[in-house]
Structure formats: structure tokens, C-alpha cells
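Here the protein sequences line up with chains A and B, keeping their order. Position 139, counted from 1, in the first sequence is what numbering that gives the first Met the number 0 calls 138; the numbers after and before it change by one each time, with no gaps. Position 40, counted from 1, in the second sequence is what numbering that gives the first Met the number 0 calls 39; the numbers after and before it change by one each time, with no gaps.
Any given hint could turn out to be false.
Partial pick of chain B residues on the chain A-facing surface, computed with a CB cut under 10 Å [claimed, not checked]:
1) L19
2) W27
3) G37
4) Y38
5) P45
6) H52
7) H54
8) G55
9) R73
10) N79
11) R80
12) E113
13) Q115
14) V116
15) A118
So the derived list for chain B, only partly shown, Cβ under 8 Å to chain A, looks like this [claimed, not checked]:
16) T15
17) F22
18) A25
19) H30
20) L31
21) E42
22) Y44
23) R69
24) R78
25) H81
26) V84
27) R94
28) V96
Stretch by stretch, here's where chain B covers chain A in the computed footprint (C-beta under 8 Å, at least three residues) [said to hold, decoys possible]:
29) 25-34
30) 51-59
31) 77-86
Keep in mind that the hints were calculated from the coordinates and are not lab data. Quick caveat: nothing in here was measured; it's all calculated off a predicted structure. Ideal Cβ positions, reconstructed from N, Cα and C, are used throughout, including at glycine.
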Amino acid sequence: MIPELYEQCLPLVGVSTTEHLGRIEPLAAQRFAVAAGALQSDAPHPLLLSSVMGWHAGPDESELYPDGTAHGFVPGVPLEDVRLMGAGQDLEFHEQPRMGSEVTLETTVSDVQLKHGRSGDLLLIHLTRRYTAADGTLLTTCRETFIAR
Amino acid sequence: MTDLLNGPDPLAFEPTSLQLFRFSAATWNPHLIHYDSGYAETEGYPDVLVQSHLHGCFLVEVVRRWIDGRGELRHFSWRNRHFAVPGDVLTCTGRIVETDGDLITLELEERNQEDQVCATGSAVVAMTSSGEEPS
Numbered sequence: 000m001i002p003e004l005y006e007q008c009l010p011l012v013g014v015s016t017t018e019h020l021g022r023i024e025p026l027a028a029q030r031f032a033v034a035a036g037a038l039q040s041d042a043p044h045p046l047l048l049s050s051v052m053g054w055h056a057g058p059d060e061s062e063l064y065p066d067g068t069a070h071g072f073v074p075g076v077p078l079e080d081v082r083l084m085g086a087g088q089d090l091e092f093h094e095q096p097r098m099g100s101e102v103t104l105e106t107t108v109s110d111v112q113l114k115h116g117r118s119g120d121l122l123l124i125h126l127t128r129r130y131t132a133a134d135g136t137l138l139t140t141c142r143e144t145f146i147a148r
Numbered sequence: 000m001t002d003l004l005n006g007p008d009p010l011a012f013e014p015t016s017l018q019l020f021r022f023s024a025a026t027w028n029p030h031l032i033h034y035d036s037g038y039a040e041t042e043g044y045p046d047v048l049v050q051s052h053l054h055g056c057f058l059v060e061v062v063r064r065w066i067d068g069r070g071e072l073r074h075f076s077w078r079n080r081h082f083a084v085p086g087d088v089l090t091c092t093g094r095i096v097e098t099d100g101d102l103i104t105l106e107l108e109e110r111n112q113e114d115q116v117c118a119t120g121s122a123v124v125a126m127t128s129s130g131e132e133p134s
């Protein structure tokens, strides 16, 4: 199954999708900081943008995968039968977003790799996300790898 | 007062299932593995898992408290090395590994109560103030 997913992902390498995320709501940003055990600040927490998994209402529960995750995690790739784990992020902070900033996200599948681990096949999905403000200012670049197994 | 040259003070976090629930809610993350222990057991884990991003938040908090308004975070990265569950004590440390003008690079580490490395990271901070009291 993992090798088939790898084949499905390969044509997506280099493909970008753009999504308008909306405003950074102050209350949502403050709740994030509270949940993270972080000091409150006038500015959004540096990991807010790259940690939020859904910026819109989201699908009905009946449309979630059996493990609770939502479709569209990797645009165009069905991931309902795999276990997906975040492996960490690499973040560059270009400009500090503000509370209330309008944010747009461009996601690019930067690479996919097929690995043969001790416990079976692994698919590594490397995403590059660029968060920009309404005036086009680049706020944050996030490079993240997900492990599907 | 924290001495910039000595690097950050360690910070210990003791995540609870309540914290994981609130973090999942705040990030709109519906993955069962973070709030349904029965589901987590089906994947071979002893309890619900601390979110990858929450490990990142713990590590970056060491840097944020150390900066304390005297600089800006320019770069931060982390890698998850070992899972963590509620009840674990996650001690986060940072040490300065390079200073280049106003830029300070730190290496970060998160270890559990059994001294297993749960996450590693690095940060680059642009200092805007030395933090020293005027003489």
C-alpha cells in the first residue's frame, strides 16, 4: 500500500496549492498559547500558524478518517489507511504576524521518499508552507516532514 | 536575572490529558491518538500522545522566556525523537552553540524522566538588547 501511495504522491512533487486562512483571531491565538503552556504575548505565538490543522469549519464527523484525521492533509492524496505522524518542523520567521492579520498559505509538496524501515515501508512527505499577509509580505516559512506507515 | 551569556534556564513541563485535549481543540486537530487512550493502545502506545507541535511549543518556550523581549526569534526547528504521554516530565534545555554579532544560535533538547531524548531542536535569535543593566 505504501509503495502505491508513493507512486500517487510522485506527480505532486513541486505542485503548490494556495488557501486563504482568514484572520488570526486574538481569542483563538490566546487559547493556543494557554493550551501550549506558553507565556501570553501581544503577538501571536510563533508556532500558531504552523500548528493549527484546520482554519475553517472542517468536515462533518462522518467524513473524517477512522483515526479522526481529516481529508486534504496532503492535497489530492488519500491517506485513510495509513498512520500519519509529524516528525518536526523547520521554521523561518520573516515578519511577525499581528493579531487580526489576514493570512494566506501556499503549500508545496517539496519531496516524497519511500523508505524501507525495520517495521515495514515508510513514506516521507516533505511539505513547504509559506504564510503571507494580505499585502503579500512573507511571514513564516515552514518545512515539515510527515511519516506515513 | 537570566544571564544571556549563560543561555536559557531549563524548563520542565508535565503534560496532562487535559492539556492535550485543549491543545487539540486550539489547533482543531481531530486525531484520536491525542485524546482517546483506547485508540492509542490500538497503535501500540501506553496512552494518548503529546502532539508533535506541543513538543515544539515546549522547546521554543525555553527560548521565548530567555529572550524576554530582548530579541527576535528568526529560526526554530525541532525533530520528534520519542513519544511522550501524560504524566511524563519533559525537561527542556538550551545551550548557546554560536554567537555571530547579534545572532545567537542555540541547541535545544527535551528529555523525559527516564532521560530519553523526546525532541531535539535549534533556534537562532537576533538580539536587540544585551539585557545588561546600565552602569
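Against the structure, the hints come out as follows:
A cut of 10 Å between beta carbons decides the hint on B/L19: the least distance to chain A is about 9 Å, and the hint holds. Here the hint on B/W27 is kept, as its CB sits about 4 Å from the closest CB of chain A, short of 10 Å. This hint is violated: B/G37 has a C-beta 12 Å from the nearest C-beta of chain A, more than the 10 Å allowed. Satisfaction of the interface hint for B/Y38 is found here, the shortest Cβ-Cβ separation to chain A being roughly 7 Å, below the 10 Å cut-off.
Of the supplied interface hints, the one on B/P45 is violated, with its beta-carbon coming no nearer than about 16 Å to a beta-carbon of chain A, more than 10 Å. At its closest, the beta carbon of B/H52 sits 4 Å from a beta carbon of chain A; the interface hint therefore holds under the 10 Å criterion. Interface hint at B/H54: satisfied, since its Cβ lies 8 Å from the closest Cβ of chain A, which is below the 10 Å cut-off. Interface hint at B/G55: satisfied, since its Cβ lies 6 Å from the closest Cβ of chain A, which is below the 10 Å cut-off.
Satisfaction of the interface hint for B/R73 is found here, the shortest Cβ-Cβ separation to chain A being roughly 6 Å, below the 10 Å cut-off. Among the interface hints, the one on B/N79 holds; its C-beta lies about 5 Å from the nearest C-beta in chain A, closer than the 10 Å criterion. Among the interface hints, the one on B/R80 holds; its C-beta lies about 9 Å from the nearest C-beta in chain A, closer than the 10 Å criterion. Because the beta carbon of B/E113 sits about 21 Å from the nearest beta carbon in chain A, more than 10 Å, this interface hint is broken.
For B/Q115, the shortest C-beta to C-beta distance to chain A is roughly 16 Å, which exceeds 10 Å, and the interface hint is violated. The interface hint given for B/V116 is violated, since its Cβ lies 13 Å from the closest Cβ of chain A, which is over the 10 Å cut-off. Satisfaction of the interface hint for B/A118 is found here, the shortest Cβ-Cβ separation to chain A being roughly 7 Å, below the 10 Å cut-off. With a cut of 8 Å, the hint placing B/T15 at the interface with chain A is violated, because the nearest CB-to-CB distance is about 10 Å.
Using the Cβ-Cβ criterion of 8 Å, the hint placing B/F22 at the interface with chain A is satisfied: the shortest such distance is roughly 4 Å. Because the smallest distance between the Cβ of B/A25 and any Cβ of chain A comes to about 4 Å, under 8 Å, the interface hint for this residue holds. Because the beta carbon of B/H30 sits about 5 Å from the nearest beta carbon in chain A, less than 8 Å, this interface hint is met. Residue-level restraint check for B/L31 holds (minimum Cβ-Cβ distance to chain A is 4 Å; threshold 8 Å).
Taking 8 Å as the C-beta contact cut-off toward chain A, the hint placing B/E42 at the interface holds, the least distance being around 7 Å. Against a cut-off of 8 Å between C-beta atoms, the interface hint on B/Y44 is violated, since the closest Cβ of chain A lies about 11 Å away. At a threshold of 8 Å, the smallest CB-CB gap from B/R69 to chain A is about 14 Å, leaving the interface hint violated. Annotation: B/R78 was flagged as interfacial toward chain A, and the flag holds, the nearest CB pair being 4 Å apart, inside 8 Å.
Interface restraint check for B/H81: the shortest CB-CB distance to chain A comes to about 12 Å, outside 8 Å, so the restraint is violated. Annotation: B/V84 was flagged as interfacial toward chain A, and the flag is violated, the nearest CB pair being 15 Å apart, outside 8 Å. Annotation: B/R94 was flagged as interfacial toward chain A, and the flag is violated, the nearest CB pair being 19 Å apart, outside 8 Å. The interface hint given for B/V96 is violated, since its Cβ lies 17 Å from the closest Cβ of chain A, which is over the 8 Å cut-off.
For the segment 25-34 of chain A, the assignment as covered by chain B holds, since 5 residues bring a beta-carbon within under 8 Å of that chain's beta-carbons and 3 suffice. Check result for the segment 51-59 of chain A against chain B: holds, 5 residues qualifying (beta carbon to beta carbon below 8 Å, three or more required). Against chain B, the segment 77-86 of chain A contributes 4 residues with a C-beta closer than 8 Å to a partner C-beta. That satisfies the three-residue criterion, and the hint holds.
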